[in-house]
Amino acid sequence: MTVRPSEGKRAEWRLGWLLCAPAAIVMVAVTAYPILYSVWLSMQRFDLKFPDEREFVGLSNYITVLSNEYWWTAFGVTMLITVVSVAVELVLGMGLAVVMHRTLVGRGLVRTSALIPYGIVTVVAAFSWRYAWTPGTGYLANLFTDGAPLTERASSLAIIILAEIWKTTPFMALLLLAGLALVPDDLLKAASMDGATAWQRFVKVTLPVMKPAILVALLFRTLDAFRVFDNIYVLTAGANETSSVSMLAYNNLLRGLNLGIGSTMSVLIFITVAIMAFIFVKLFGTAAPGSRDEGRR
Amino acid sequence: METRTAKWRWGLLDAVVVVFALFPVLWIVSLSFKSTATLTDGNFIPREWTLENYRTIFETDQFVRALVNSIGIALISTTIAVVLGTMAAYAVARLDFPGKGTLVGVSLLIAMFPQVSLVSPLFDIERQLGIFDTWPGLILPYITFSLPLAIYTLSAFFKQIPWDLEKAAKMDGATQAQAFRKVIAPLAAPGVFTSAILVFIFCWNDFLFAISLTSTERSRTVPAALSFFTGASQFEDPTGAISAAAVVITIPIILFVLFFQRRIVAGLTSGAVKG
Amino acid sequence: MVTHTGTWVRATAAAVALLLLGPMTACGSDESGVPTINFYYAQEQNLQKVVDDCNAEAAGKYRISYQVLPRGADDQRVQMVRRLAAEDSGMDVLGLDITWTQEFASADWILEWTGANKSEAEQGTLAGPLESAEYEGKLYAAPKNTNVQLLWYRTDLVPQPPTTWDEMIQQALDLKQQGKPYQVITMGAQYEGLVVLYNTLVASAGGHILNDDGTKAVFDEGAVRGLEILQRFASAGVTHPSFTNTIEDDARLQFQNGEGAFQLNWPFVYPAMQEGAPDLAAKVRWARYPGVDSGTPSKVTIGGYNLAVSKYSKHPDLAFEAALCLRNAEHQKFSAINDGVPPTIESVYNDPEMTKAYPMKDEILAELRDAANRPLTPAYQNVSTVMSATLSPPASIEEEKTAKELRGSIQDALESKGVLP
Numbered sequence: 000m001t002v003r004p005s006e007g008k009r010a011e012w013r014l015g016w017l018l019c020a021p022a023a024i025v026m027v028a029v030t031a032y033p034i035l036y037s038v039w040l041s042m043q044r045f046d047l048k049f050p051d052e053r054e055f056v057g058l059s060n061y062i063t064v065l066s067n068e069y070w071w072t073a074f075g076v077t078m079l080i081t082v083v084s085v086a087v088e089l090v091l092g093m094g095l096a097v098v099m100h101r102t103l104v105g106r107g108l109v110r111t112s113a114l115i116p117y118g119i120v121t122v123v124a125a126f127s128w129r130y131a132w133t134p135g136t137g138y139l140a141n142l143f144t145d146g147a148p149l150t151e152r153a154s155s156l157a158i159i160i161l162a163e164i165w166k167t168t169p170f171m172a173l174l175l176l177a178g179l180a181l182v183p184d185d186l187l188k189a190a191s192m193d194g195a196t197a198w199q200r201f202v203k204v205t206l207p208v209m210k211p212a213i214l215v216a217l218l219f220r221t222l223d224a225f226r227v228f229d230n231i232y233v234l235t236a237g238a239n240e241t242s243s244v245s246m247l248a249y250n251n252l253l254r255g256l257n258l259g260i261g262s263t264m265s266v267l268i269f270i271t272v273a274i275m276a277f278i279f280v281k282l283f284g285t286a287a288p289g290s291r292d293e294g295r296r
Numbered sequence: 000m001e002t003r004t005a006k007w008r009w010g011l012l013d014a015v016v017v018v019f020a021l022f023p024v025l026w027i028v029s030l031s032f033k034s035t036a037t038l039t040d041g042n043f044i045p046r047e048w049t050l051e052n053y054r055t056i057f058e059t060d061q062f063v064r065a066l067v068n069s070i071g072i073a074l075i076s077t078t079i080a081v082v083l084g085t086m087a088a089y090a091v092a093r094l095d096f097p098g099k100g101t102l103v104g105v106s107l108l109i110a111m112f113p114q115v116s117l118v119s120p121l122f123d124i125e126r127q128l129g130i131f132d133t134w135p136g137l138i139l140p141y142i143t144f145s146l147p148l149a150i151y152t153l154s155a156f157f158k159q160i161p162w163d164l165e166k167a168a169k170m171d172g173a174t175q176a177q178a179f180r181k182v183i184a185p186l187a188a189p190g191v192f193t194s195a196i197l198v199f200i201f202c203w204n205d206f207l208f209a210i211s212l213t214s215t216e217r218s219r220t221v222p223a224a225l226s227f228f229t230g231a232s233q234f235e236d237p238t239g240a241i242s243a244a245a246v247v248i249t250i251p252i253i254l255f256v257l258f259f260q261r262r263i264v265a266g267l268t269s270g271a272v273k274g
Numbered sequence: 000m001v002t003h004t005g006t007w008v009r010a011t012a013a014a015v016a017l018l019l020l021g022p023m024t025a026c027g028s029d030e031s032g033v034p035t036i037n038f039y040y041a042q043e044q045n046l047q048k049v050v051d052d053c054n055a056e057a058a059g060k061y062r063i064s065y066q067v068l069p070r071g072a073d074d075q076r077v078q079m080v081r082r083l084a085a086e087d088s089g090m091d092v093l094g095l096d097i098t099w100t101q102e103f104a105s106a107d108w109i110l111e112w113t114g115a116n117k118s119e120a121e122q123g124t125l126a127g128p129l130e131s132a133e134y135e136g137k138l139y140a141a142p143k144n145t146n147v148q149l150l151w152y153r154t155d156l157v158p159q160p161p162t163t164w165d166e167m168i169q170q171a172l173d174l175k176q177q178g179k180p181y182q183v184i185t186m187g188a189q190y191e192g193l194v195v196l197y198n199t200l201v202a203s204a205g206g207h208i209l210n211d212d213g214t215k216a217v218f219d220e221g222a223v224r225g226l227e228i229l230q231r232f233a234s235a236g237v238t239h240p241s242f243t244n245t246i247e248d249d250a251r252l253q254f255q256n257g258e259g260a261f262q263l264n265w266p267f268v269y270p271a272m273q274e275g276a277p278d279l280a281a282k283v284r285w286a287r288y289p290g291v292d293s294g295t296p297s298k299v300t301i302g303g304y305n306l307a308v309s310k311y312s313k314h315p316d317l318a319f320e321a322a323l324c325l326r327n328a329e330h331q332k333f334s335a336i337n338d339g340v341p342p343t344i345e346s347v348y349n350d351p352e353m354t355k356a357y358p359m360k361d362e363i364l365a366e367l368r369d370a371a372n373r374p375l376t377p378a379y380q381n382v383s384t385v386m387s388a389t390l391s392p393p394a395s396i397e398e399e400k401t402a403k404e405l406r407g408s409i410q411d412a413l414e415s416k417g418v419l420p
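Protein chains in written order, with numbering that gives the first Met the number 0: chain A, 0 to 296; chain B, 0 to 274; chain C, 0 to 420.
Be aware that one or more of the hints could be misleading.
[Stated by the list, open to error] Here are the simulated lysine-lysine pairs, DSS-like style, with alpha carbons at most 27 Å apart:
1) Lys281/A - Lys181/B
2) Lys313/C - Lys60/C
3) Lys210/A - Lys181/B
4) Lys48/C - Lys313/C
[As the list claims (entries may be wrong)] Derived contacts from chain B toward chain C, CB cut-off under 8 Å, selection only:
5) Trp26
6) Ser29
7) Asp95
8) Gly98
9) Thr101
10) Ser119
11) Phe122
12) Arg126
13) Ser214
14) Ser232
15) Asp236
To be clear, the hints were calculated from the coordinates, so they are not data collected in a lab. C-beta: ideal position from N, C-alpha, C; glycine also.
Taking the hints into account, I'd like the entire structure generated from these sequences.
Shown next as C-alpha cells:
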C-alpha cells in the first residue's frame, strides 16, 4: 500500500507544492475565515438590529429559506437568466472568436472593439440600457414599442438577458479565442486534404482541442451568471418578479441586516453553483484541469 | 479574386461584430456629450454637443486620483495574479503531486462563493491588520478572487501544449533556456495574455470590494468614486458626468487590450516552425 | 525551470511583503492635539463650508472632519453599520436618513440626547421631524433637514389645483378626453418612493400601518383605503406608461418633457425645471399635496436627515456640540439655500432670504406642520422592503387580499422573521 515514492517522484511533488504554495496561501489566507464565518452565521438567528436575540438555530434558516415563495421565484428567474444567457453566449462567443481569430482584415480593431463591452463598468452600462428602454428618454423604447418594456415581466427579463449577453459575450469569446489559437494548423490542413468539409474540421479537429477552453469559459460564465445582480438592480429593482437570488441575498443581508438568513442564501447559491460546476466537470471528463488522466496529445 | 471576396466577407463580418459591440457604447458616449437639458431627450445623437461633463469630472482631483488608484491597483494585482497563477497552473498541468485535486477544487469553490457575504468579514480583518483603505487592502482580494480564473485558464492551455517539442528542441541542440523561450513561451502566450486581460478587467470594474474596503481618496478606485459624484440634488443622478467618467475609464482598457491581443495568435504554428 | 521558479517565488514573496508593509493607515487626532470629530454624512455639495464655519466657531476646541458617504442610501447605511458593528471609535457624528434613527437606537449604536443638548435640539424644531428622531420616548438624534413632496401643476391646463385624489384623477381624465397633456406623474417603482406614496395615502385617510409604539402591524381601515386609492390611481389610465419603473428623477424628466399635467414630487424639481425647461417652468405652480377626503387636508410623508452621535465616539461631548453647530438655524438656512434641503427649525422659514430661494415655502411649511412619518420602528428597512414588493405593481393590488397579506408579512418583518423579498 504505502510504496515509498522514488526520489524523482518526490522531487516532482516538492516542485508541485512549491509552485502552488503562493497561490494557495493567498487564496486560503484571504477567504478561509470569511467563508467559514458565513457558513457559521447561516446556522444562527442573528439580526444586527436585535443583537440580544442571537442564538444557534442549526439548519432552521435553511428550512425558512427553502420553504419560501420569494426564494423559489427568484431561483427560477435566476436559472432562466443563467441558462438562456450562457447558451446564447456560447454560440455567439464561438462565432465572435472565429471572426477574431480568422479575419483577414482589421484584426486588431475587431478584437479590441469586441472586448469593449466587457470593459465597461456594469452599473454604467445598465443605466444606459435603462435610459435607452424608457419611453421618452431612450432611442430603443421609441423604436420598438409604444409601451414601457421595463414595466412588464417578459420584456424586462428579455432586456436583462440582452444586457447580460451584450456585456459578457466578449468574456466567452476571449477564452474561446485563446483556445482556437491552440488548434494546430497542420492538423486542419491534414483534415482538409483528407476531404473534410469546414464543418467536419470544426467538429472533428477544432472542438476536441478546444474542450478545456470551452469548459473554463462555461464554468466561469455560469457561476458569474447565476450571481446576476447589477443589471437587475438598475433595470427593474426586482419589480414584476424579476428579482434574482443575489438580490434576495443582498436585501436580507445588507438591507435587512439579517446575517443569518442572508448567509443562508449565500450558502445556498454557493451549493447550487457547485452542483452546476460538478455537472460540467463530469460532462467534460478528462478535459477538466487537474484530472488524473493526462490526456495530452 | 478568391482572396478579394474572402476579404469582403470578413470585412462584412467584422462590421457586424463592431456594430453589435459598439452601438450601446456609442449611446453612453452620446450621453456623455449631452447637456443637462438634452440628456434625456431620447436622441441617439446629441442635439447640442458639450464638453461640460468632461470638465466637471476633471474639475477636482477626485477623479484623477481614483484613476491613478485604479491603474496602480489593477496593474499590480494583474501582474501578481498572473505570475502566481502561471506557477500553479504549470504544476497542475504538468506535474503529478498529492493535493493537486484539492487545490483545483478549492480554488473553484472560492470563485463560487457569493462575494457579498464575504465583504463584511474581510472588512473586519483588514481593519485589524491596518490595511483597510490602502492599496494592499484591495490588491489582496483582487488577487485572491482572480486567481481561480487565472489558474483554470492557464492550466487548460498548458495542458494542450505539446511539451515534447521542448525535448525535441533540446535534442536539436538548444539549451533549456532557449527551448523555453523559443518553443514553450510562444505556445503559452495566448493563455497568459488572455488571463491577463480578464484579470485586469475584473480588477478594473470591481465595485463591491472597492466601495466596501476603502473610505477615502487614498485608495478609492474609479467604479467606487462614481458613486461619490454629486448631482444637483439628492434625487438627481449626475448621469452626464458618470457617462463621461465611464468613457474615460474605458480608454485604459482599450489600450491594455490593444497591446496584449497581438499575443493571442496561433502560437503553435509560429512556435513549431521557428523551433 | 527550477531556477526560474525559485526566482519567481522569491520575487513574488518580496513584492507581497513590500505591499503589505508599505503604506500604513494613519489615524487619530492631528499633531496639534485638537480632537478630531469625524462627521460621516452623504455627499452634499456645500456642506464643507458649514463644517469650516463650525471649525472656526470651535476655535481650537475640536476640528470636524467631513467623511463623505456615497450617494446611494443603502451604501451609506451599510458603511456606517459595518463600522458600528466593528465598534469603530473613528466615527463621531453620523448623518442618518430619518428612517434609520430607531434602528440605530435599538441596536445601541447611538447615544441618547439629554439635558442642555436635548433642549437645544428640540428648541423650535418642527414636530414631525422631531418625532422621527425619537425612540421609546427618548431623543436619539437632532433633525438636520427635512423634506416634503408637493403637487406641481400646469397652470395652462389646470385652472384650479385639485385638493383630493379623486378630483385630480377626474381632472386628468377630462384633459385626456380633450386630447391635452393629462398625466399625473409620480414615483411608482418598486423601492422606497412607492412606500412614501402609500404612506401619505394612509396617513391622509387617517389610517395606521403599525400601532403607536411600532410593535404590531394593525393595518386598519385607513390603510386598506390607501390600497384602494393607490390601485384605482394606477389603473385609471392617468399615469405615465413608465409609472411602475419611475423614481424621483425619472418623474421630474417625464414632467419636463411636457408629458404631464400634474406631478407629485420633492421641491428639487422646481430649480431643476427652471434650468432644464424654463418655458415650462414659467407655467408651473404648486399646491398642497392632494388629500383623500374633501375638507380634510393631506398628511404628507416627510424625508430628511438626522444627526446622531456614535456610542463608540471617543469625544461624545464634543460630538454633541459639533452636531448642534452643524444643524443650527444659521447653517440650516445656508444648506437650505445652497443645497436645497428644507430646514427643520420653523423660524428659519421666516427669514427674508428664504423667500427668494423657496417661493413655495408656505406650502412646504403648511404640510410640515401637519406631517406624517413613515412607520417608526427599528425594523423599518424590513417593513419597507416587504411593502414595496407587495405594492408593486400598484395596478394589481386586490384590496382585501393584499391587506391580509401585508398584515402578516409586516408583522413578520417587525420581528425579523422569515425572508425579505
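**Prompt:** Holds or violated: is the Cβ of Thr101/B closer than 8 Å to a Cβ in chain C?
**Reply:** 20 Å, violated
**Asked** Does the nearest C-beta of chain C fall within a distance shorter than 8 Å of the C-beta of Asp95/B?
**Response** Violated - the Cβ of Asp95/B stays beyond 8 Å from chain C, reaching only about 15 Å at its closest.
**Prompt:** Is Lys313/C close enough to Lys60/C, meaning Cα to Cα at most 27 Å?
**Reply:** 14 Å, holds
**Message:** The hint names Ser214/B as touching chain C; please verify it with the least Cβ-Cβ distance against 8 Å.
**Reply:** Nearest chain C Cβ about 7 Å off; hint holds.
**Item:** Lys48/C paired with Lys313/C [C-alpha distance capped at 27 Å]
**Value:** 25 Å, holds
**Asked** Holds or violated: is there a CB of chain C closer than 8 Å to the CB of Asp236/B?
**Response** With a closest approach of 6 Å, the Asp236/B hint holds.
**Message:** Let's test the interface hint: is any C-beta of chain C closer than 8 Å to that of Gly98/B?
**Reply:** With a minimum Cβ separation of about 17 Å from chain C (threshold 8 Å), the hint on Gly98/B is violated.
**Asked** Under the criterion of a CB-CB separation shorter than 8 Å, is Ser29/B in contact with chain C as hinted?
**Response** At about 16 Å, which exceeds the 8 Å cut-off, the nearest Cβ of chain C leaves the hint on Ser29/B violated.
**Prompt:** Can the hint on Ser119/B be confirmed by a CB-to-CB distance to chain C that is less than 8 Å?
**Reply:** Cβ of Ser119/B sits 6 Å from chain C, so the hint holds.
**Message:** Lys281/A and Lys181/B were given as a pair; does the straight-line alpha-carbon distance stay at or below 27 Å?
**Reply:** 36 Å, violated
**Prompt:** Under the criterion that the straight-line Cα-Cα distance not exceed 27 Å, is the pair Lys210/A, Lys181/B satisfied?
**Reply:** Given that 27 Å is the threshold and the Cα spacing comes to 26 Å, the pair holds.
**Request:** So, Ser232/B near chain C? Judge it on the closest CB pair being under 8 Å.
**Result:** 4 Å, holds
In this structure, the earlier hints numbered 1, 5, 6, 7, 8, 9 are contradicted, and the remaining ones agree with it.
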